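> Protein chains in written order, with the working numbering: chain W, 1 to 199; chain D, 1001 to 1199; chain U, 2001 to 2210; chain S, 3001 to 3210.
Hints listed in this document are in silico derivations from the structure and should not be mistaken for laboratory results.
Among the hints, erroneous ones may be present.
Subject to a maximum C-alpha distance of 16 Å in a straight line, what follows is the list of computed EDC-like cross-link-like pairs (lysine to aspartate or glutamate) [unchecked claim]: (1) W:49 - W:179; (2) D:1037 - D:1021; (3) W:49 - U:2022; (4) D:1027 - S:3189; (5) S:3110 - U:2045; (6) U:2084 - U:2045; (7) W:37 - W:21; (8) D:1049 - S:3022; (9) D:1049 - D:1174; (10) W:27 - U:2022; (11) W:49 - W:178; (12) D:1049 - D:1145; (13) U:2110 - S:3189; (14) S:3084 - S:3022.
From the structure, some residues in chain D lie toward chain S, with a derived Cβ separation under 7 Å [unchecked claim]: (15) 1117; (16) 1135; (17) 1147; (18) 1199.
Fair warning: this is a prediction, and the values are worked out from it, not measured in the lab.
For every residue, glycine included, the Cβ atom is placed at its ideal position computed from N, Cα and C.
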Amino acid sequence: MSGPRKRDPDAPIAERVRALEEALHAKGLVPEDFLEKRVEEAQENFDPKNGARVVARAWLDPQYRARLLADGAAASAELGFRAANSEYLVVLENTDAVHNVIVCTQCSCTAWSVIGLPPDWYKSPEYRARVVREPRALLRAMGLELPDEVAIRVWDTSGETRFMVLPQRPAGTEGWNEERLAGIVTREALIGVARVVAP
Amino acid sequence: MSGPRKRDPDAPIAERVRALEEALHAKGLVPEDFLEKRVEEAQENFDPKNGARVVARAWLDPQYRARLLADGAAASAELGFRAANSEYLVVLENTDAVHNVIVCTQCSCTAWSVIGLPPDWYKSPEYRARVVREPRALLRAMGLELPDEVAIRVWDTSGETRFMVLPQRPAGTEGWNEERLAGIVTREALIGVARVVAP
Amino acid sequence: MDGIHDLGGMSGFGAVEIEPNEPVFHERWEARAFALNMLGIRLIEAYNVHEYRHAVERMDPAHYLAASYYERWFTGVATLLVEKGVVTRAELEARAGGRFPLARPPADVKSVRVTPRAQPRFAAGDTVLVRDIHPAGHTRVPRYVRGRRGVVARVSRAFEVPDLAGHALSAHLEHTYHVEFEARELWTDAAESRETVVVDLWESYLEANR
Amino acid sequence: MDGIHDLGGMSGFGAVEIEPNEPVFHERWEARAFALNMLGIRLIEAYNVHEYRHAVERMDPAHYLAASYYERWFTGVATLLVEKGVVTRAELEARAGGRFPLARPPADVKSVRVTPRAQPRFAAGDTVLVRDIHPAGHTRVPRYVRGRRGVVARVSRAFEVPDLAGHALSAHLEHTYHVEFEARELWTDAAESRETVVVDLWESYLEANR
């Protein structure tokens, strides 16, 4: 098509999804509850609260932290967070010198088991286009001001490795237990577009 | 905007154009008949029939042909086809060895005075994206099969030079006069996506 | 393919806005579309995840940018189920009561140059050059690193080469590498300072620095 | 800017279809939009043609690809008339009775590196290298030739440098060159044979081949 002239409008997306589901049903390809189970799994198992727990544990337990940085998937599995496939999870440690941030420029790959299904902003063309080219300016616009002396390392999820950021533990959380610490770790911090802050 | 959620629909384009025209009118910025004259000019002066006349003359008169290849704008002006601004028009001669084809990948610049306002297909993302990368395959898909031994030269109108193709005169037109020859030269041939064929 | 999906570094995009308390799915159809892909890949095994990614890439560029994430997702699923003969487009249009946009057909990819080594060719610290290639089919080497030099930060595991798997060709494994590029190497005069980008690349995308 | 307008070489697009007996304008509003740009540039001189081109480039990429040619054209015109203070967006929305999409604001370009020579630096037959630059503002050097080598086919005239004129900066003239590139130099493994692409480039986009 050389231009948008005289094209019939598309059927609404909700109708198209319904149409495909019904066509597959009619062919007997949809076992009872199969779709419902997948949705339930997505809503219950793929949750940034998992990554928050991992982070809180790493803040409290230096040996766990070392295991996490050595093998992210195995250390997450210790807490019961297992990826569907045998995933290669690399955990990126933020320090005073380096801030890490994750993107998938070509689609929207994410470590579902610890970060959850990615949010709209992560999947947007805006984020995908800009963060590899102007991370400092973009993070600033998103509310994260990084001192000039902090290097930014952007990780493009172009392969099969999945990434999670291990944010820095904020001051003012001394003596907090794991649950309380996990409560302040956001999805945005696990991706690297925000710091963890004590309320 | 990170996604197309919850955005009010745009006012229809015809309403937007009317709105701007009325706003300018209300400020007294639109002299009577100004817009009408520009439309008239576009429809009457910017016409591929002009380029067709230039080509027919060049086929019949070797001295005119030489002047045309040396200075396209001056030779076109001889026949009364003058660009609005002092345009630099370069005429590209097709031969048995080289076939020329014109595009403007970044917008849709064209030699209006001889080719006319460009057609939809020339302005389409499809043409702009593909012709610089796969000209032979694209021309074939558009109906122009070029022998492998003919080199293709694609001209991207990225600067201020404007281009027009001087197609090869087809066999079977011996003894034709200028008007009859001009009658078979199409806009597509002036751009280089078609040959001129005798009917 | 050098498609619209390969957005890294493109300018002209606006603000990134975070939606507070964003739900996992905004609409019921999004959840169903999500699950239908699980059905296509895992249950009926009509296609693999690489083919799915490539199907989304093959969408008309205007449709790709206009669509929300799950509309792109769904279009990839529907395209593959039609291409694999599970359903027909006519059937879908009849049931949907209107036009049913699908992605464009894939290029006819018959083979891809891969590296046969079982041992990784590069080691951490090696400087590598990304091959300046323009594959007609699926690939995962973004345009913004092609022809650029970087340093191997980590030798990752071996995974299926997407350029083959995306066309349901052989399941050939190759080592992947986390390659770190200086911003200046990628964006020259437009680079911010003190920044690097790490890209995860298959061995056949790389050559030794000359 | 490395915007959506810079389409040369992008894959994923479909067939090019020629409309038989295509009219100059398909709708009345297209003709009016055409004429309104003549008014903006030539009559009230609110902006120049380079600013117009850049305004179109600054459209949201999804809007750019979804819009027809004259919708892009009109959006450029309306954007500039608002930016130059001739009309206000609120006024346009009120009169249109709805949302009135405009292009994004330009980058804050204050100066651009240009070449001061009055005489052309290169001659026909010279091999030149296109500078690998990523200007934030308007430019006319397409991405597909940046960092590539070509041969000067013709020294063309001197014209205003668009990188300046597109931001209403000084009217600096520079020679332009028709530079011919082998398809293989541009598209490597994807190139068709026996083809070249000639691109019309300002002197400051070029450096001598090293």
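> A separate judgement is required for each hint: does it hold in the structure or not?
Checked hints:
no., hint, verdict
1, W:49 - W:179, "10 Å, holds"
2, D:1037 - D:1021, "15 Å, holds"
3, W:49 - U:2022, "14 Å, holds"
4, D:1027 - S:3189, "57 Å, violated"
5, S:3110 - U:2045, "56 Å, violated"
6, U:2084 - U:2045, "11 Å, holds"
7, W:37 - W:21, "15 Å, holds"
8, D:1049 - S:3022, "14 Å, holds"
9, D:1049 - D:1174, "21 Å, violated"
10, W:27 - U:2022, "35 Å, violated"
11, W:49 - W:178, "12 Å, holds"
12, D:1049 - D:1145, "25 Å, violated"
13, U:2110 - S:3189, "15 Å, holds"
14, S:3084 - S:3022, "35 Å, violated"
15, 1117, "6 Å, holds"
16, 1135, "6 Å, holds"
17, 1147, "10 Å, violated"
18, 1199, "15 Å, violated"
Violation of the numbered hints given earlier is confined to hints 4, 5, 9, 10, 12, 14, 17 and 18; the remaining hints are satisfied by the structure.
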